[in-house]
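Protein chains: 2
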Amino acid sequence: MVDATPPPADAAIVLIGNELLSGKIRDENAYYLAGRLRALGVTLRRVAVVPDEEAAIIDEVRRCASAYTYVFTSGGVGPTHDDITLPSIARAFELPLIVDPSLEAPLRAHFGARMTPGHLRMATLPAGTELVRGDDFWWPAMVLGNVHILPGIPQIFRANFETLAPRFQGAPFFLASVYLDADEGSIAAALEALERDHGVAVGSYPRIDVQADHRVRVTIEARDGATVERATERLLSSLGTGARVVRVDTAAPASCPDQG
Amino acid sequence: MVDATPPPADAAIVLIGNELLSGKIRDENAYYLAGRLRALGVTLRRVAVVPDEEAAIIDEVRRCASAYTYVFTSGGVGPTHDDITLPSIARAFELPLIVDPSLEAPLRAHFGARMTPGHLRMATLPAGTELVRGDDFWWPAMVLGNVHILPGIPQIFRANFETLAPRFQGAPFFLASVYLDADEGSIAAALEALERDHGVAVGSYPRIDVQADHRVRVTIEARDGATVERATERLLSSLGTGARVVRVDTAAPASCPDQG
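Residue numbers (the working numbering), protein chains in the order written: chain A, 1 to 260; chain B, 1 to 260.
No lab work stands behind these hints: they were computed from the structure. Remember, predicted model here, so these are calculated numbers, not experimental data. For glycine and all other residues, C-beta sits at the position ideal for the given N, C-alpha and C. Take these hints with a grain of salt, some might be off.
Computed list of chain A residues with no C-beta within reach of chain B, every gap over 12 Å [what the hints assert, rightly or not]:
1. Thr-69
2. Ala-105
3. Gly-128
4. Pro-140
5. Asp-213
Output of the computed footprint for chain A on chain B, the stretches with three or more beta carbons under 8 Å from beta carbons of chain A [said to hold, decoys possible]:
6. 36-46
7. 71-85
8. 145-156
9. 189-195
Excised from the complex, chain A in its bound form (with noise of 0.2 Å):
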C-alpha cells in the first residue's frame, strides 16, 4: 500500500455489570461485537469486564479511551442503584451530569405519575453527550467522545450498535482457513515463516474433541485478499507429510460470526 491512508481503525470494550462476574449472565455483546467489529474491519484490542463501581468504571474508560480509535460500554444505563454507568463516564472526563429532555419527556409521557428519581436517572448524561437514533427501539445509542454507551440488554445493544456502525467502516479484513490432521508443534516453524514473509497475520487453534474433523485449524489473514491467497498457496505446499489437509476455506472476507 503506497497511499498515505490513515492507520486502521482499533476498539477496546468495556463490559460493566456484577452480573457477568458472578456467572449469572453469560456475555452476549462483546462477542457479537467482537464479530461485527471485524467484519467492519476494525481491529478489537482490548475486552475488560468490571463490576458495578465507580473507580473500576473510570480507570478502564479513561484508559481506553486514550488509548483506541473507539471505546464501547456496555451496561449500567438502566433506573436502578447499581446503573452507574453515566456518571463514572461523566467523573471520567470531569464532565456535569445534565438531563436530557429529549430522554426526559418519552419517560415522563409514559410513566407520568408514576415517574421516579430512578427513571429520571436514565435521563440524567454526560454534557456533551450526543444521542443517536434508531427505528427499533426508542431508546438511543449514547456517544460522547470516541466512547459509545450502550445498554446491557442484548437486543437493544445490538440495534444501537447497527445504528452507529455506518461510522466505523474501514477497510475489512480477508481471511483463509486451513483444516488440518496434524500435530500443532510440527508445523510451528512453518507458521512462522508464513507470517514474517508474507506480512499476514497466522492463528493457530488446535481441537481435542472428537466432534471435530480437524486437529488444528490454521487462519490466514490481512487486509489485502491477495496476499491471503499467496500466504495460503505458500502454507499448503510447504506442509510436510507429518500435515494431512482435510479441508480450506480459500481468501473470503472476514464475516461474522466468524467460527470454525
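Given the coordinates of chain A, assemble chain B onto it according to the supplied hints.
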C-alpha cells in the same frame, strides 16, 4: 460475623488470544470460571481479554497479580509462534526461563525425532513455576505465586482448574432471586433501601424478550443465608401494587451455573 477471619478472596481472569478479539472463538473459559469461583466463594472482580502481544500480557498480568488474591490466565501455552504467555509472564516478574525436565521428557518420549523447537517451548517455564498434575490430562496446571497459568483448550482448562480448585475454597455466597412483572424504575428505591439496610448485594436484571416469564429478576446475595432470607422477606413485603411476584427462588448457596 465477629471472628477475625481474613478478608474474602478475590480474583481476576486474563484471557490471552487474538482469536477471542477477532470473534473467531467464543469464550468458554471465563464463563466457566466465573461460575466455579462463585460456587467456591471467591469474588471475581475483573476479566480482561488481551491479544497475543508481550506488552499487553505483561501489563495486565502484573496489574492483576498485585491487585487480587488470585489471577488465572487462559491460553498461549502451545507450541506455535503466537503462544507467548510463558515467556511474557517470566518477563512480567523478571524471572529467567528454564526448561522443565518433567515436561520435556514426555514431549521427547512422544515426539522422538519429530520433536521441534515449538514443542520445547511448551516445556520452557518461568523459574519457580509449580506444576500441579491431575488425572484427566497429562498437561499440568502451572502456578507462579498467585498466578495460575492454564491452557486455552476448554477441556484441559477445566480439568486443570478442577485439579487446583480445592486451594480456593472460601465462604460460599447465598443467593435468592425474585422474578417480577414490574417496571424496573418503579422498584429502584426499594432495591436501594434493601442494599443499604440489610448489607446484601442487590442486582436487577430486566428482560425484554418474549420468552421470559418475568420482566425483572432481582437477586439478593450475601455470605450469610439468614441475612439473604430476611432481605428477601423485606423486599416481598415492601413491593407496591405495581409489581407482581412471578416466582421466588429462596436463599441457597450460589451454584454453577447460576442463570435464570
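Status of the hints after comparison with the structure:
No Cβ of chain B comes within 12 Å of the Cβ of A:Thr-69; the nearest lies about 14 Å off, and the non-interface call holds. Listed as a non-interface residue, A:Ala-105 keeps its Cβ farther than 12 Å from every Cβ of chain B; the least gap is roughly 15 Å. With a minimum CB-CB distance of about 25 Å to chain B, A:Gly-128 clears the 12 Å threshold, and the non-interface call stands. Every C-beta of chain B lies more than 12 Å from that of A:Pro-140, the closest at about 16 Å, which supports listing it as non-interface.
Under the 12 Å C-beta cut-off, the non-interface status given to A:Asp-213 relative to chain B holds; the minimum distance is some 17 Å. Judged by the Cβ-Cβ criterion of 8 Å, the region 36-46 of chain B is covered by chain A as claimed, because 7 of its residues qualify and three suffice. Requiring three or more residues with a Cβ within less than 8 Å of a Cβ of chain A, the coverage given for the region 71-85 of chain B holds, as 5 such residues are present. Here's how the region 145-156 of chain B fares: 3 of its residues keep a CB closer than 8 Å to some CB of chain A, so the rule of at least three is met and the hint holds.
Under the rule that three or more residues need a Cβ within less than 8 Å of chain A, the assignment of the region 189-195 of chain B holds, with 4 such residues.
In summary, the structure agrees with every hint in the numbered list given earlier.
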